[in-house]
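Student: Based on the provided sequences and hints, a complete structural model is requested.
Spelled out from the first residue to the last, the chains are:
Number of protein chains: 2
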Amino acid sequence: MLSQNVIRILIGISAGTLMMTTVPAAVRQKNAADAAVNQIRDVLDRQVQAWNRRDLEGFMEGYWHSPELTFYSGGTVVSGWEQTLARYRNRYQSEGKEMGHLEFSAVKIELLGPSAAFVRGRFYLKMASAESSGVFTLTFKKLAGGWKIIHDHTSTG
Amino acid sequence: MLSQNVIRILIGISAGTLMMTTVPAAVRQKNAADAAVNQIRDVLDRQVQAWNRRDLEGFMEGYWHSPELTFYSGGTVVSGWEQTLARYRNRYQSEGKEMGHLEFSAVKIELLGPSAAFVRGRFYLKMASAESSGVFTLTFKKLAGGWKIIHDHTSTG
Numbered sequence: 001m002l003s004q005n006v007i008r009i010l011i012g013i014s015a016g017t018l019m020m021t022t023v024p025a026a027v028r029q030k031n032a033a034d035a036a037v038n039q040i041r042d043v044l045d046r047q048v049q050a051w052n053r054r055d056l057e058g059f060m061e062g063y064w065h066s067p068e069l070t071f072y073s074g075g076t077v078v079s080g081w082e083q084t085l086a087r088y089r090n091r092y093q094s095e096g097k098e099m100g101h102l103e104f105s106a107v108k109i110e111l112l113g114p115s116a117a118f119v120r121g122r123f124y125l126k127m128a129s130a131e132s133s134g135v136f137t138l139t140f141k142k143l144a145g146g147w148k149i150i151h152d153h154t155s156t157g
Numbered sequence: 001m002l003s004q005n006v007i008r009i010l011i012g013i014s015a016g017t018l019m020m021t022t023v024p025a026a027v028r029q030k031n032a033a034d035a036a037v038n039q040i041r042d043v044l045d046r047q048v049q050a051w052n053r054r055d056l057e058g059f060m061e062g063y064w065h066s067p068e069l070t071f072y073s074g075g076t077v078v079s080g081w082e083q084t085l086a087r088y089r090n091r092y093q094s095e096g097k098e099m100g101h102l103e104f105s106a107v108k109i110e111l112l113g114p115s116a117a118f119v120r121g122r123f124y125l126k127m128a129s130a131e132s133s134g135v136f137t138l139t140f141k142k143l144a145g146g147w148k149i150i151h152d153h154t155s156t157g
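These protein sequence lines are chains R and W, in that order. Just so we're aligned, residue 1 is where the first sequence starts under this note's numbering, counting upward by one. Just so we're aligned, residue 1 is where the second sequence starts under this note's numbering, counting upward by one.
Keep in mind the hints are simulated off the structure, nothing from the lab. It is possible that part of the hints are untrue.
DSSO-like, lysine-lysine: derived pairs with alpha carbons at most 27 Å apart [unchecked claim]:
#	chain 1	residue 1	chain 2	residue 2
1	R	K30	R	K142
2	W	K126	R	K142
3	W	K108	R	K108
4	R	K108	W	K142
5	W	K108	W	K126
6	W	K97	R	K141
7	W	K108	W	K30
8	R	K142	W	K142
9	R	K30	W	K141
10	W	K141	R	K141
11	R	K142	R	K97
12	W	K108	R	K141
13	R	K30	R	K108
14	W	K141	R	K142
15	W	K30	W	K126
16	W	K141	R	K108
17	R	K30	W	K108
18	R	K141	W	K30
19	W	K126	R	K141
20	R	K30	R	K141
21	R	K108	R	K141
Here are some chain W residues the structure puts well away from chain R; computed CB gaps all over 12 Å [stated by the list, open to error]:
#	residue
22	R122
23	A130
24	D152
Since we're looking at a predicted model, the values are computed, not measured. We put the CB at the ideal spot given by N, CA and C, even for glycine.
Tutor: Right under this line is the structure:
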């Protein structure tokens, strides 16, 4: 009887483990996906807010702080977080340049796995004397510090 | 004795299951990743070969045959496989246009999960009268028909 009970317990544990790892897993996965999309949207929102208060370091927090970050734009390649910041400084904060007012639209966040996503969208930059618009593709990865852009490809019309 | 044997068998099955799902899983994952990278490289190689024999339909086989395919270039958005083919036809096969000779370089394939990847690279297009070069970012997904580009962002210098 004891050994039968042991078997029943073993079977009980197996069934319990199955229940725990199968049925609620779908729910957990859905919740995790929703959370990931919201976290990525937050990164983008914070970038726009930082840009519009002329806080380029705040804007750059959305990017992976690594020499492996890549930024493609108009056929050119910039590698590294520092180099990407330098590019932005040169184009938008050097003498005679202005940052203007930035807006993103048509943002589409698509998860490619539990820790990767790609994002498509349009940007519109309104400056006193000019305006610039175009499209971007971002590859996001969930790193120790949260969701970060590991690659940016931007092109203007 | 029988029930003890049953317990031994159950423990044996558990241990066997653990062995099957943990140790060789890492090897299987590595093999699957290597295979995925090779399959993606094949898609790109076949695209270049198709382009260079003026086979635009063959070139387009690398793309997801869906209205949801997106192609970003120079600030503009083309949505859909048919529309992307029409864009290529217009730019490279209409009157007075030529396809030229295509080469890819610095191709970097990075898996983002078992069924997603992103690819960075440079292209160089040599025509009789002109040349064009730039960079591309591709998002790949493993679909029923194999690895396909679901999004392309290309920009030229």
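Student: All the hints need checking, so say for each whether the structure fits it.
Tutor: Hint-by-hint comparison with the structure:
Between K30/R and K142/R the CA atoms are separated by roughly 17 Å; this keeps the pair inside 27 Å, and the hint holds. For a cut-off of 27 Å, the pair hint linking K126/W to K142/R is broken: about 39 Å separates their Cα positions. Straight-line distance between C-alpha atoms of K108/W and K108/R comes to about 24 Å, which keeps the hinted pair within the 27 Å bound. In summary, the hint linking K108/R to K142/W is supported, as the alpha carbons are separated by about 20 Å, within the 27 Å threshold.
Note on K108/W and K126/W: the hinted pairing holds, with a Cα-Cα distance of about 22 Å set against a maximum of 27 Å. Of the supplied pair hints, the one linking K97/W and K141/R is violated, its CA atoms being roughly 40 Å apart against a limit of 27 Å. For the hint pairing K108/W with K30/W, the CA-to-CA distance comes to about 18 Å; that is within 27 Å, so the pair holds. With a C-alpha separation of about 21 Å, the suggested pair K142/R and K142/W falls inside the 27 Å cut-off, and the hint holds.
Under the criterion of a C-alpha separation no larger than 27 Å, the hint pairing K30/R with K141/W is consistent with the structure, at around 20 Å. Distance check on the hinted pair: K141/W and K141/R sit about 16 Å apart at the alpha-carbon level, within 27 Å; holds. Between K142/R and K97/R the alpha-carbon distance is near 34 Å, which puts this suggested pair outside the 27 Å criterion. A threshold of 27 Å between alpha carbons decides the hint, and for K108/W with K141/R the separation of about 17 Å falls inside it, so the pair holds.
This hinted pair checks out: K30/R and K108/R have alpha carbons roughly 18 Å apart, not beyond 27 Å. A hinted pair counts as satisfied when its Cα atoms are at most 27 Å apart, and K141/W with K142/R qualifies at roughly 19 Å. A C-alpha spacing of about 38 Å is found between K30/W and K126/W, which places the hinted pair above 27 Å, so the restraint is violated. A hinted pair counts as satisfied when its Cα atoms are at most 27 Å apart, and K141/W with K108/R qualifies at roughly 17 Å.
A hinted pair counts as satisfied when its Cα atoms are at most 27 Å apart, and K30/R with K108/W does not qualify at roughly 31 Å. Taking the CA atoms of K141/R and K30/W, the gap is about 20 Å. The hint holds against a cut of 27 Å. The hinted pair formed by K126/W and K141/R fails the criterion: a straight-line CA distance of about 35 Å is larger than 27 Å. Of the supplied pair hints, the one linking K30/R and K141/R holds, its CA atoms being roughly 18 Å apart against a limit of 27 Å.
For the suggested pair K108/R and K141/R, the alpha carbons sit about 16 Å apart, so the restraint of at most 27 Å is met. Distance check for R122/W against chain R: the nearest CB is about 8 Å away, which does not clear 12 Å, and the non-interface claim fails. With a closest Cβ-Cβ approach of about 15 Å to chain R, A130/W is found to remain outside the 12 Å limit, as its non-interface label requires. Remark: the non-interface label on D152/W conflicts with the geometry, its nearest Cβ contact in chain R lying 9 Å away (cut-off 12 Å).
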